[in-house]
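Chain B: place on chain A using the hints.
Here the protein sequences come in this chain order: A and B. Here our numbering runs 1 ahead of the position in the first sequence, where the first position is 1. Here our numbering runs 1 ahead of the position in the second sequence, where the first position is 1.
Hints in this document: simulated from the structure, not taken from any laboratory. Among these hints, one or two may not hold up.
A pair counts as met if it fits within one copy or between any two copies, since identical chains are not told apart.
Unchecked claim - Computed list of lysine to any residue pairs in SDA-like fashion (alpha-carbon distance at most 20 Å, straight line):
#1 K303 / G335
#2 K234 / H275
#3 K271 / A317
#4 K234 / K303
#5 K244 / W260
None of these values were measured; they are calculated from a predicted model.
Next come the chains, spelled out residue by residue.
2 protein chains.
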Amino acid sequence: MNGLRLKSGDGMNIADLRDRILNQERRALARAITLVESAREDHRAQAAELLDGLRGAGRQALRIGLSGTPGVGKSTFIESFGMMLTAQGLRVAVLAVDPSSARSGGSILGDKTRMERLSRDKNAFIRPSPSQTHLGGVARRTREAVALCEAAGFDVVLIETVGVGQSETVVAEMSDLFLLLLAPAGGDELQGVKRGIMEMADVILVNKADGDLKPTAMRTCADYAGALRLLRKRPQDPEGFPKAMTVSALEEDGLAQAWEEMQSLTGWRKENGHWEGRRAHQAQYWFHEELRQALLARLETKEAQRLVAAAGAEVAAGDMAPTAAAEKVLGALGITQT
Amino acid sequence: MNGLRLKSGDGMNIADLRDRILNQERRALARAITLVESAREDHRAQAAELLDGLRGAGRQALRIGLSGTPGVGKSTFIESFGMMLTAQGLRVAVLAVDPSSARSGGSILGDKTRMERLSRDKNAFIRPSPSQTHLGGVARRTREAVALCEAAGFDVVLIETVGVGQSETVVAEMSDLFLLLLAPAGGDELQGVKRGIMEMADVILVNKADGDLKPTAMRTCADYAGALRLLRKRPQDPEGFPKAMTVSALEEDGLAQAWEEMQSLTGWRKENGHWEGRRAHQAQYWFHEELRQALLARLETKEAQRLVAAAGAEVAAGDMAPTAAAEKVLGALGITQT
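With the rest of the complex left out, here is chain A (with noise of 0.2 Å):
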């Protein structure tokens, strides 16, 4: 798919894989996030080590969290942004949460060509979302791609997602900041957001902002402007935050201030103590998902796999029932309530 397989048997060296990570060489950085989206126990183990011995670096970058629908101008938004960011100087990495990929093998950010001068800028490194199973490996592989852009010197990661599902939830809970992306909308229907992404957002952003659309722009963001000043503040926003502006990702307007806006909510949060704090309380979260799923893979292993099917004919042909039968195969696996 990306041209980086990892082959069988090619005696990778974890210590030298590290060394060339924390020495900003893209190919390890592209090598290593591979080793993390592999599903093969002995590439989990090397994964482990990778990451681990990664984690002293030390290095953090600005997390950006960014959802938006399709239509609404992501990737236009993406390559400005990144652009205006490496322009001063400012290492960019992109990578993608995209739950469809499962169902489609598709991939939000497999297109390149979609960010045709940002993948070719030698300070920024996009990366396609992976094709995984379900949300929970898409959540875990991306946590851990952001680990290594982190060590491997990255000043940004912006973190993508389409609006479907669960997968703002992940997006937002691996994020340092949460953007929620619009386009310019007639009416006051509010695009039909749910109230739950809009609590999520530290800023909405309506794009399009250009031409015949500037005016229905600038009434949009006002109606989410006013529809923010109604949520209960929370201890982590500064007065006037969230926020909602416009900006034009096409004619490359109004980026500036928005990263202006980014980084004074940035400095405020460190100063204030919620920086660290919510980066804590994110490893919780996933410490809590990540316990919630291997406890659920136990489930997954053959021997487990072989007395459920046994179980599950008996139940289904009447002679157990259903709760009994749970537990037989938890008693069977060893698993007793303790």
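This is chain B only, laid out in the frame that chain A set:
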């Protein structure tokens, strides 16, 4: 709440309770439902013994799931429909799955005066929804209550729910037939009924087809009939199903026809193996749900909570990665990858 509290240490005789349920004693049924609703460990054990003892009786009711948002006339429908069935000599039980009761402490069937006539009918049994903390618990207790009603010789068990979150899936997965009750609506917006809910319905009933609303009800019914035709044909449906019909619960109009259609559908499914097939499939579904929940319950023990809190603190402090911490906790609990 319901005057049937279980006294601790009252030396409940499960064999006796079993016999009285099989003997169709309402008080025994009410008491048994209170028993299955209890979270106490000794009560859970007694409930399991009782359900096991009743499973052999082989009595089966027609389980009818019924969903509808507040205001569509669910209570009036259940009262009119239930009274029609009892007038035919059938015994009717009414249960409820109410995910909102966990928060409000209330219950959609708490107020028996909502179904005044039916609640006084000696061939009817109405049980309010229990207050529970999560839908998983509500689902298990409702399934067990359904089994108790079947053992107590009821011919029809109506399981009511409001259209909130996952509650429709829960009810559909424990019903032989799933009814969706709707109100007449202007426009062709299909009242925002989600496609997933539509796909669960066997019969859509547009209520309030009386007085001024009758033309609107008929138009709404035609809209839904059209929408149902666009759905993929399901193997468990004879020609003409799923079906949309108008009824007036208030004027008791259309109820006999609706009941005829339900019987016709049930008859066809029984003849073609789909009725038993659906029950077997549902048993498997609940087995898998129970398995997941029983597994996750391992994290709720005091010992587990202590380990989780300690590891969580390390994760929040940045001393351990979420994935490693999760494996450490499971290892300490003796839940190792097999």
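* Of all the hints given earlier, name the ones this structure violates by number, lowest first. => Of the numbered hints given earlier, the structure breaks just one, which is hint 4.
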